[in-house]
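Novice: As a plain string of letters, each chain reads:
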Amino acid sequence: MGEVILTMKGIDKSFPGVHALDHVDLEVRKGEVHALMGENGAGKSTLMKVLTGIYSKDSGTITYEGREVEFHNPREAQEAGIVIVHQELNMMNHLTVAQNIFIGREFMKGKLIDDAKMNAEANKLFQQLGIDINPAEKMGNLTVGKQQMCEIAKAISHEAKVIIFDEPSAALTEAEIEELFKIIRDLRAKQLGIVYISHRMDEIKVITDRVTVMRDGGYVGTLITEQCTKDDIINMMVGRVIYEDPKTASTVPPGAPVVLKVEHLNAGKMVKDVSFELHKGEILGFSGLMGAGRTETARALFGADPKESGDIYINGTKVDIKSPQDAVKHGIGYLSEDRKRYGIVVGKTVAENSTMAHLKDFLSGVFIDKKKENDVTQKYVDRLKTKTPSVDQLVVNLSGGNQQKVVLAKWLVRNCDILIFDEPTRGIDVGAKSEIYHLMNELAAEGKSIIMISSEMTEILRMSDRIVVMCEGRKTAEIDIAEATQENIMHAATLR
Amino acid sequence: MENFKNLPIVKKLGFNRIILVLVLIAMYFVFSLGSGRMLGKGDLMNALNMVDYLGFLALGVTFVIATGGIDFSIGPVMVCAGLIAGRLLVTFGWPLALALVMCVVVGGLFGVLNGILVAYMGLPSFISSMASMMLAKGVGSVFTHVQNSNWPKTGDPNSWYKYFVNYNGFPTGLVFLLVVAIICAIIMNKTQIGRYILCIGSNREAVRLSGVDTRKWEALAYVICGLLAGIAAITYVGVITQVQPGLGDEFNNNAIASCVMGGTSMAGGVASIGGTIIGVFIISLLRVGIQAMGFRPDYQYIITGIIVALAVFADIRSSARKK
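Those protein sequence lines, which keep their order, are chains C and R.
Numbering follows this note's numbering, with no gaps: position 369 of the first sequence is 369.
Count along the second sequence from 1, add 1000, and you get the number used in this note's numbering.
In isolation and in its complexed conformation, chain R is listed as follows:
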């Protein structure tokens, strides 16, 4: 095992990520066996639908978790953005392109809010993101008068926004996600933003005493997270068309679970964009697989809960060993 870990190729890809991919493949076969049939294209496209929006949420929250913070508002923010932009599109007759931009704007604004609350006003991220979660739910409901936002169906004029998810059966959503993931990986690993975000997560005070404006960089992590929740809203409406007010909590949990599973440390300072994406695949396949095996979807919560607990436990164990 130690030899395997030290192979150059394994080091480059990351041992944990390789294990995760193996887990993913194993899951595919377990579910196929359990459901009595090979999971086919339909199931996988189904899983990909979830990957599309969950992926952007998870990418965003990876930046926040890298600073040592947490954001419980992303799911409701995504839903809120979908609701507001949908109503602007349908009821107020905004052009589709502008409505899509509005999704990102709403997400970004919540990001700015979280950033100010946490970085500049010193609120614990746990609490402040709870507050903005409720704010997002409330704003979405109030703006739509607690009505669904019905985006144009496939085939309607003005339904080209669905191409962000699916173009005549081709999973454009996956490509979109992977391109953004690569950009995120570059931001995280090759730019000043990523460098300072990771350093702040590792030892905020030492970074501050180096004369770095830690508040600015920390706030930026939340802004990135918000913007990505806004982008997630575009793929979310592309997948589900009808946006219901009051939803969104479970997406937080799934996104955070994906992150942690992918090797991003809850303590901050360590983040893996690639790991997050694999985590998203695992969570999405889990949901589809459990349904394929004939269980009610509620079981997914139980299994996700257990997985998150195990992943965090492993994270704590490995950081304890390093000390």
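Next up, chain C with everything else stripped away, as it sits in the complex:
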């Protein structure tokens, strides 16, 4: 490790209602790979966005190459030599590799673009990195791994001195990861400073020199990787916070029948051989880090996305679910993590949204029985304590928590027995949160069965009777609430 190239000190950033960064420190040296770790929402991405000028900081200082700096946009940061290699690659698939690398600063021959020169320059970069890619190839024809190397080449071409890798290995195969590590070691040898964001504990041990851990927007500490264990890092990530009233034992009566059984479900890249059972009256928590494949599992189960294989049994009978229509017919309701896109029709009223899944029950002849629709909706507005001036209010005018209740009403009107709550309290304020929890418990007590996907440890420990932990598309653990701890959940979530 060489001298310090980048220091972020006391970085503070608030968004309305959220203290996203609370005096965070980060120091990167030349020739080091520095891991930045933390649970979902710990503030890693926000910190990097502050660094590269996407967000402005409220207070704190950034010192880069001995001078205090403040970048106003990613371009300024890039010009100074700080570049992010994003998890989601920002590449134009129809352009060639070289055209992508030099986008916005094309070599010109008079008024025309000089593709030959760009190809030659790109080749030089690839030679430097020791990788074999044809610069004239269309970007879309490359594997994700190769595309990422192009992104790295692009960073080098900007004469980067600090490169931030944001979960670079998430989409890569073992062999590609090996190649990536080779390049990263090479860059380290060339005295670049590297920030490496990842959830994969094993990689951290292999590739990084130091680890900075963040939790809930705060700075926890920095360790030298060689001198710490995986458990040290996990303990720092989860902290010693006492979460409010965690469930201590399952409230499901022993011998409760299995209402839903999923066997060997495979769908796309994110759902690999997932099997589980859901009992009557149970809240089954699905825990895991971002990208663990929980939402994808739910969507495949619900028929929203196609599945490759796997059997689904409802009340012991094998069912064929090819579309949400089939799922709803079998009494499954899905409350999406992205309410505005997948849950509600914002331009329509509370009543129209509430009856959407079961409109045929509100017909008299060919006409919609408006009175019945309003009466039933009102019943659920009262029962769920939805705050709305009337059932004719447009849903767009309701708060997040109340929108969530409208989605819930939709499934209750349809009388669904299996409810999938995907991040049920995301974007919902504290008061409404406990109301939603209360409702979920009530529904479970009534005999509804609930799958709850959540990235919040508190929520998982407070609500679940049993916990399924996923990591990279696979189920890595199934833990009864009586045995669940933050540590054993986090361990299973980072198993890879």
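Check the hints yourself; a few may be wrong.
[As the list claims (entries may be wrong)] Here are the computed lysine-lysine pairs in the BS3-like style, where the Cα-Cα straight-line distance is at most 25 Å:
| no. | chain 1 | residue 1 | chain 2 | residue 2 |
| --- | --- | --- | --- | --- |
| 1 | C | Lys371 | R | Lys1153 |
| 2 | C | Lys360 | R | Lys1190 |
| 3 | R | Lys1216 | C | Lys340 |
| 4 | R | Lys1216 | C | Lys322 |
| 5 | C | Lys379 | R | Lys1190 |
| 6 | C | Lys307 | R | Lys1011 |
| 7 | R | Lys1216 | C | Lys370 |
| 8 | C | Lys371 | R | Lys1041 |
| 9 | C | Lys370 | R | Lys1011 |
| 10 | C | Lys372 | R | Lys1012 |
Don't read these hints as lab results, they were simulated from the structure.
Computed from a prediction, not measured in an experiment: that's the story for all the values here.
On the provided structure of chain C, position chain R as indicated by the hints.
Specialist: Only chain R this time, still in chain C's reference frame:
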């Protein structure tokens, strides 16, 4: 202004619709002034002739636009239906009643085609309706060997189909249109079809994830649109008697313009049948008024073009403000 907007009567009728009616009345006086005479019964009957067939087209496309789609085939489909039914009537000696039913059948079939292409096969409605537009033009021309279809003239035996437009000087066409418009308004606002069409236009994915067969309901919008283009063909032949192959494009534009002007959002999810009808009146009066002022009819295109651009701009502005 805000007070005016919040009056119960204004809310019930819709602020935009009131403005449109005022625009319509203002247009009448502007044209009267510009042509140096009050537009009389002749001019207005002239305008009504256009209202008759344009109205049905515009009503139909309102359903499609409500889903967030578009249909550029309605004009040529109407002409195609008039051509085919006319030849069946005149050359093949079909009974008049059957020929009229055939108009609606042809329209309906094109609606089914568009519905399958868009809802079930996932083609963008813009492209698929272009394709069916060309198909309609081609089929009409081929079937008639590129000859005009000459429907019976007024006074001929078998000319009772003209009563759909005009009965001894009484504008039956207007009554016919208004009755169908009321039915359309009921379908749009009071039935499952209308509810799902509007919801699909607003947020298709959320509707699909509610377990609704979105493809079926979306396809139905195109079928309704096609059927109404078929009905439009009945009034169209009633007005013009001689149907020429290869025409129809300009009716698309006028119908879509009427819709958008009437407050139906191009983004989908919001539709006003009443607004569409007022829009049809405006477009039709525009055409007659411009002629009365002594301009060549081509000027109507320019003015309609400008109006459409302005109406869509206003639509985008108002939806941007809501967000």
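Novice: With reference to the structure, classify each hint as holding or not holding.
Specialist: Tested hints:
Between Lys371/C and Lys1153/R the alpha-carbon distance is near 51 Å, which puts this suggested pair outside the 25 Å criterion. Proposed proximity of Lys360/C and Lys1190/R is supported: the alpha carbons are some 13 Å apart, at most 25 Å. Taking the CA atoms of Lys1216/R and Lys340/C, the gap is near 23 Å; set against the 25 Å cutoff, the hint holds. The straight-line distance between the Cα atoms of Lys1216/R and Lys322/C is roughly 16 Å, inside the 25 Å bound, and the hint therefore holds.
A distance of roughly 22 Å separates the Cα atoms of Lys379/C and Lys1190/R; the hinted pair therefore holds under the 25 Å criterion. For a cut-off of 25 Å, the pair hint linking Lys307/C to Lys1011/R is broken: about 49 Å separates their Cα positions. Only pairs whose Cα atoms come within 25 Å are accepted, and Lys1216/R paired with Lys370/C is accepted, the gap being roughly 23 Å. A hinted pair counts as satisfied when its Cα atoms are at most 25 Å apart, and Lys371/C with Lys1041/R does not qualify at roughly 45 Å.
Restraint check for Lys370/C and Lys1011/R: satisfied, since their Cα atoms lie roughly 20 Å apart, inside the 25 Å limit. Taken as a hint, the Lys372/C and Lys1012/R pair is honoured in the structure, with Cα atoms around 22 Å apart against an allowance of 25 Å.
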